[in-house]
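Assemble the whole structure, with the sequences as input and the hints as a guide.
Protein chains: 2
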Amino acid sequence: MEKDLLPGARFRRGELLNRDCPSREVLKRLTSRWSLLILIALDGNTLRFGELRRKIGGVSERMLAQTLRLMEEDGFVKRIPYEVIPPHVEYQLSPLGQEARERIIGLADWLEENLHQIIDNRGDVSADAEQS
Amino acid sequence: MEKDLLPGARFRRGELLNRDCPSREVLKRLTSRWSLLILIALDGNTLRFGELRRKIGGVSERMLAQTLRLMEEDGFVKRIPYEVIPPHVEYQLSPLGQEARERIIGLADWLEENLHQIIDNRGDVSADAEQS
Chain Y
1 MEKDLLPGAR
11 FRRGELLNRD
21 CPSREVLKRL
31 TSRWSLLILI
41 ALDGNTLRFG
51 ELRRKIGGVS
61 ERMLAQTLRL
71 MEEDGFVKRI
81 PYEVIPPHVE
91 YQLSPLGQEA
101 RERIIGLADW
111 LEENLHQIID
121 NRGDVSADAE
131 QS
Chain G
1001 MEKDLLPGAR
1011 FRRGELLNRD
1021 CPSREVLKRL
1031 TSRWSLLILI
1041 ALDGNTLRFG
1051 ELRRKIGGVS
1061 ERMLAQTLRL
1071 MEEDGFVKRI
1081 PYEVIPPHVE
1091 YQLSPLGQEA
1101 RERIIGLADW
1111 LEENLHQIID
1121 NRGDVSADAE
1131 QS
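The listed protein sequences derive, respectively, from chains Y and G.
Position one of the first sequence corresponds to residue 1 (our numbering), numbered consecutively onward.
Position one of the second sequence corresponds to residue 1001 (our numbering), numbered consecutively onward.
These are calculated hints, taken from the structure and not from any lab test.
Any given hint could turn out to be false.
Said to hold, decoys possible - In the DSSO-like style, the derived pairs of lysine-lysine whose C-alpha atoms are separated by at most 27 Å in a straight line are: (1) K78(Y) - K1028(G); (2) K1028(G) - K28(Y); (3) K28(Y) - K1078(G); (4) K1028(G) - K55(Y).
Unchecked claim - Covered, in the sense of this in silico footprint (three residues per stretch, anywhere, with C-beta under 8 Å from a C-beta of chain G), are these stretches of chain Y: (5) 32-38; (6) 41-48; (7) 62-75; (8) 80-91.
C-beta: ideal position from N, C-alpha, C; glycine also.
Spelled out as structure tokens, the structure:
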């Protein structure tokens, strides 16, 4: 029973609208810019650090390493070290990460499809503002 | 045909993994902490500013106003001014915002359900690190 209670809190289930619920911080981490793009880039792929970095345009080595560490900590990413010479590490989504990815891919696909409309909306609002 | 091209870019469709694609910035805005919580709070609701603020624990007046303005600009939120005395304004999701919300709610529900597992994962990683 105790396992159902979050440490130091009274939440049996996340409550995102409650400022005291730890789900807030988990959401923040999971939806950070690079976390989202890592989920998308690792979709169906097992990649080395360098491959992942090339796939995600614009990410620095430092930000990628830091974000991968947090995602490993939360259990979204699995780090697979190979004890060969030279040693190397590969990254893939854990089962939990795959579940998160399914939700994220839906959002990403939708956004990519609707991008023009969103950009057009901005133009309309600016035009309205200029006219008034 | 020209309408399909983004201003100043060569993207007919968003490409989130491309650093030059404007979809990156749209994703960043849409998945910012307060944008996500506004989408969740306005799910099926039309709310005044104060009501919305009370619903989203911990948001400051300034951050809420600023985020609502960006979401209105992108076409996710509709601002409805009432010319009564005293004047007041209500906020609701636009059809585009409702589509975004559907994708977000899936992610939020999943996260709230899996929160304990994610928090537990953190404990496991820390324990592993201490042992090694």
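Hints, one by one, checked against the model:
1. Our distance criterion of 27 Å between C-alpha atoms is met by K78(Y) and K1028(G), whose separation comes to about 25 Å.
2. The suggested pairing of K1028(G) with K28(Y) holds, with an alpha-carbon distance near 12 Å, which does not exceed 27 Å.
3. Only pairs whose Cα atoms come within 27 Å are accepted, and K28(Y) paired with K1078(G) is accepted, the gap being roughly 25 Å.
4. Between the alpha carbons of K1028(G) and K55(Y) the distance comes to roughly 18 Å, so the proposed pair stays at or under 27 Å and holds.
5. As drawn, the segment 32-38 of chain Y meets chain G at 3 residues by the rule of a beta-carbon pair under 8 Å; at three or more, the given contact holds.
6. Only residues whose beta carbon comes within less than 8 Å of a beta carbon in chain G count, and the segment 41-48 of chain Y has 1; fewer than three means the coverage is violated.
7. For a cut-off of 8 Å, the count of residues in the segment 62-75 of chain Y with a CB near a CB of chain G stands at 4, and the three-residue condition holds.
8. Given a C-beta distance limit of less than 8 Å, the hint that chain G covers the segment 80-91 of chain Y is violated, as 0 residues qualify and 3 are needed.
Of the numbered hints stated above, those contradicted by the structure are hints 6, 8, listed in ascending order.
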